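Between the sequences and the hints, there should be enough to build the whole structure, so can you do that?
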Amino acid sequence: MNRIIMLPILLPLCTAAVMIFFRRRILLHRMLNAAGTAAMVGVSLVLLSSVHAQGILSLQVGGWEAPFGITFVADMLSSIMVVATAFIGFTTALYSLGTIDEKREHFFYYPLLQILLMGINGAFLTGDIFNLYVWFEVMLISSFVLLVLGGRPQQLEGAIKYVTLNLLSSSIFLAAVGILYGTAGTLNMADLAQKIPLLEHREMLSVVAVLFMITFGIKAAIFPLFFWLPASYHTPPMAVSAIFSGLLTKVGVYAIMRFFTTIFVHEEASFIHQVLLVLSAFTMVVGVLGAVAQYDMRKLLSFHIISQIGYMIFALAIQSPLAIAGGLFYMIHNIVAKTNLFYLSGIIRRLKGSWDLREIGGIYRFYPMLGLLFLVPALGLAGIPPLSGFWAKFLVIKAGLDSEHYLLAGIALCVSMLTLYSMIKIWNEAFWKDDPLGEGGVEDEAYLRIPSTRKAMIVVPIVILGGLTVIFGLWFEPFFGLADRAALELLDAGEYIDAVLGGKS
Amino acid sequence: MTFLLAVIVGVLYAAGTYLILRRSLVKVIFGLMLLGHAANLMIFTVGRLTKGAPAFVPEGAEALVEPFADPLPQALILTAIVIGFGVQAFTIVLFKRTYQELGTEDLDRMKSTDQLPGEKL
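Chains F and W, in that order, are what the protein sequence lines are.
Here the first sequence stands for residues 1 to 505, numbered as in our numbering.
Here the second sequence stands for residues 1 to 121, numbered as in our numbering.
Treat the hints as calculated values from the structure; they're not laboratory data.
Source: prediction; values computed, not measured.
Backbone N, C-alpha and C fix where the C-beta goes; we use that ideal spot for every residue, glycine too.
Be aware that one or more of the hints could be misleading.
[Stated by the list, open to error] Pairs of lysine-lysine residues, derived as DSSO-like cross-links and limited to a Cα-Cα distance of at most 30 Å, are as follows: (1) W:LYS96 x W:LYS27; (2) W:LYS111 x F:LYS103; (3) F:LYS103 x F:LYS455; (4) F:LYS161 x F:LYS425; (5) F:LYS161 x F:LYS103; (6) F:LYS455 x F:LYS433; (7) F:LYS103 x W:LYS96; (8) W:LYS111 x F:LYS425; (9) F:LYS161 x W:LYS27; (10) F:LYS195 x W:LYS51; (11) W:LYS96 x F:LYS161; (12) W:LYS27 x W:LYS111; (13) F:LYS161 x W:LYS111; (14) W:LYS111 x W:LYS96; (15) F:LYS455 x F:LYS425; (16) F:LYS398 x F:LYS425.
[What the hints assert, rightly or not] So the derived label-pair ranges between C-beta atoms look like this: (17) W:PRO67 x F:PRO197: 23 to 29 Å; (18) W:SER24 x F:ARG358: 34 to 40 Å; (19) F:LYS455 x W:GLN74: 54 to 60 Å.
[To be verified] Only some residues are given here: those of chain W computed to face chain F with a beta carbon under 8 Å: (20) ILE20; (21) LEU32; (22) ALA39; (23) ILE43; (24) VAL46; (25) GLY86; (26) VAL87; (27) PHE90; (28) THR98; (29) LEU102; (30) MET110.
Printed below as a string of structure tokens:
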């Protein structure tokens, strides 16, 4: 039964391999991609329910016992993240059917998407730090190619920044792994959680903790390390931007969560939480100010990602069970709402032919339903009840007040206002304002020529994710129950260690 | 030996950091490579150096006898070298293509993705 842990990784691998063998059959690519991601949704839900029923699952690959072999572990946090990945993967598969041009499809767009999903799932499920590095690289190399696919000058320029900073982060990661192995003699996460408190030579542990904070900080785009994100995320096609914005930075946040609640909780690393608290405030403020200044929809949303990462880092730096659960709920809410907003801005671009908010307008008059679909994630992101963002922000800020971080909780509230402001800005400019080009320029000709099946493919993902935002808000309790359990598992590593090292295979 | 390797690792890190701060694309890629090598060599050095003692279980014995060279850092480095090779190959092609498309290899001129529309930096 534990083998199900491998399925979220093997499934995309097999799909991608089959696609590469039939490289000229684009129709097959499209169908396999949609079917593969749909199957991944099913598999991930089964994984979540079996983790829910049986507790933490672990699998020793090749029968090599932990801590010698590579372990895959599915605890509550990992399986929740895998479910989120599967949903975003599925909706992106549909959205790609409606938006990606044939030229990109011929150049292995779909196999790359599958490999990207494989890398992300691998990073969530692995229980070994070096293996985490390998999954990061799998994820990075496919994201590099997806980013430059199409080869427009702007894409290349964005990719230079993205690639350079991510490679730098990888080399820091590698150095940290080396020092950690030299200090602790193991790279298995459960084994580390057990051994680090007992180590004699502890001088290097704080260095390792800082190095890990920097690598994952670059991946998660926290305050002084985020510059690659707004420089590159707006350059690829919308489907690619959407899946990047939903998932890639969250892998960094996941890694910070895993490392600094389970592995590095000893004295030598406790200052990291103080550093993260300060950085989270800067991340929230700088991100949202960047967003407010922008008129390009994609850039505005890209800066928003950074600001939202600040909330998650704030939550996990507080380290109380409520805060971690809140941070996790925030992450899931954000993955759903943010990806949805990227999908929507892709539609607005198709309708109006421009990303610049100053040049477009009047969408509400002709497409009122689209306005409704936009308001759900936009108000959700800003934190208006009863949508998911309300609970997410409520939990994080309540945890901040409970732990007497009044200043930071205040900052979080102010940033929330600015988030609302920038969402209203998109609403006012794109939906309510009269079209500056006059009545005639209302519809993009290219949009009208899209067949209605493709249009359905674009709208269905938005409806799915919008529905999720509403469901998270209205049926909050069961979801919070899951997040709460994940937080308790993270803060008390005992069960995790037992599951990996206790011979339960 | 450890001291010598430590010095080499330091020099590689210094050179790599200097190179990635340069404006020329070619130097940046060299810098990234040097940083990768520095990290690999560091794993090797921190993993404790042992000379002439392969990690084989001697005949008749049940387990390894000290001293033996730890095979794990070597396995890590091997994996990291292969991954690094692939990623660097991709980066070189990307940088070359960028040079061809944009007609410049000066990083200071590649700021159109960071600009607000109509703004001069």
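A quick look at each hint next to the structure:
At roughly 13 Å between alpha-carbon atoms, LYS96 (chain W) and LYS27 (chain W) fall within 30 Å of each other, so this suggested pair holds. For the hint linking LYS111 (chain W) to LYS103 (chain F), the alpha-carbon distance of about 27 Å falls within 30 Å, and the restraint holds. A hinted pair counts as satisfied when its Cα atoms are at most 30 Å apart, and LYS103 (chain F) with LYS455 (chain F) qualifies at roughly 19 Å. Restraint check: the Cα-Cα separation between LYS161 (chain F) and LYS425 (chain F) comes to about 29 Å, which is no more than 30 Å; the hinted pair holds.
Of the pairs offered as hints, the one joining LYS161 (chain F) and LYS103 (chain F) holds, with about 25 Å between alpha carbons and a cut-off of 30 Å not exceeded. This hinted pair checks out: LYS455 (chain F) and LYS433 (chain F) have alpha carbons roughly 25 Å apart, not beyond 30 Å. Pair hint LYS103 (chain F) plus LYS96 (chain W) holds up; C-alpha atoms about 22 Å apart against a cutoff of 30 Å. Under the criterion of a C-alpha separation no larger than 30 Å, the hint pairing LYS111 (chain W) with LYS425 (chain F) is consistent with the structure, at around 26 Å.
Note on LYS161 (chain F) and LYS27 (chain W): the hinted pairing holds, with a Cα-Cα distance of about 14 Å set against a maximum of 30 Å. The suggested pairing of LYS195 (chain F) with LYS51 (chain W) holds, with an alpha-carbon distance near 28 Å, which does not exceed 30 Å. Proposed proximity of LYS96 (chain W) and LYS161 (chain F) is supported: the alpha carbons are some 14 Å apart, at most 30 Å. Restraint check: the Cα-Cα separation between LYS27 (chain W) and LYS111 (chain W) comes to about 18 Å, which is no more than 30 Å; the hinted pair holds.
Between LYS161 (chain F) and LYS111 (chain W) the CA atoms are separated by roughly 10 Å; this keeps the pair inside 30 Å, and the hint holds. About 18 Å separates the Cα atoms of LYS111 (chain W) and LYS96 (chain W), which keeps this hinted pair within 30 Å; it holds. Straight-line distance between C-alpha atoms of LYS455 (chain F) and LYS425 (chain F) comes to about 26 Å, which keeps the hinted pair within the 30 Å bound. Restraint check for LYS398 (chain F) and LYS425 (chain F): the C-alpha separation of about 28 Å stays at or below 30 Å, so the hint holds.
At about 28 Å, the CB distance of PRO67 (chain W) to PRO197 (chain F) agrees with the hint of 23 to 29 Å. For SER24 (chain W) paired with ARG358 (chain F), a C-beta distance near 37 Å keeps the hint of 34 to 40 Å intact. Restraint check, LYS455 (chain F) to GLN74 (chain W): a C-beta distance of roughly 55 Å satisfies the suggested window 54 to 60 Å. At a threshold of 8 Å, the smallest CB-CB gap from ILE20 (chain W) to chain F is about 7 Å, leaving the interface hint in force.
A distance limit of 8 Å between C-beta atoms decides the matter here; for LEU32 (chain W) the minimum to chain F is near 5 Å, and the interface restraint holds. The interface hint given for ALA39 (chain W) is met, as the beta carbon of that residue sits about 4 Å from the closest beta carbon of chain F, less than 8 Å. A least Cβ separation of about 3 Å between ILE43 (chain W) and chain F falls short of the 8 Å threshold, and the interface hint therefore holds. Taking 8 Å as the C-beta contact cut-off toward chain F, the hint placing VAL46 (chain W) at the interface holds, the least distance being around 3 Å.
Interface hint at GLY86 (chain W): satisfied, since its Cβ lies 7 Å from the closest Cβ of chain F, which is below the 8 Å cut-off. The interface hint given for VAL87 (chain W) is met, as the beta carbon of that residue sits about 6 Å from the closest beta carbon of chain F, less than 8 Å. Because the smallest distance between the Cβ of PHE90 (chain W) and any Cβ of chain F comes to about 6 Å, under 8 Å, the interface hint for this residue holds. Hint status for THR98 (chain W) relative to chain F: holds, with the closest Cβ pair at about 4 Å, below 8 Å.
Restraint check, LEU102 (chain W) versus chain F: the minimum CB separation of about 6 Å is within 8 Å; hint holds. Proximity of MET110 (chain W) to chain F holds as hinted, the smallest CB-CB distance being about 5 Å (cut-off 8 Å).
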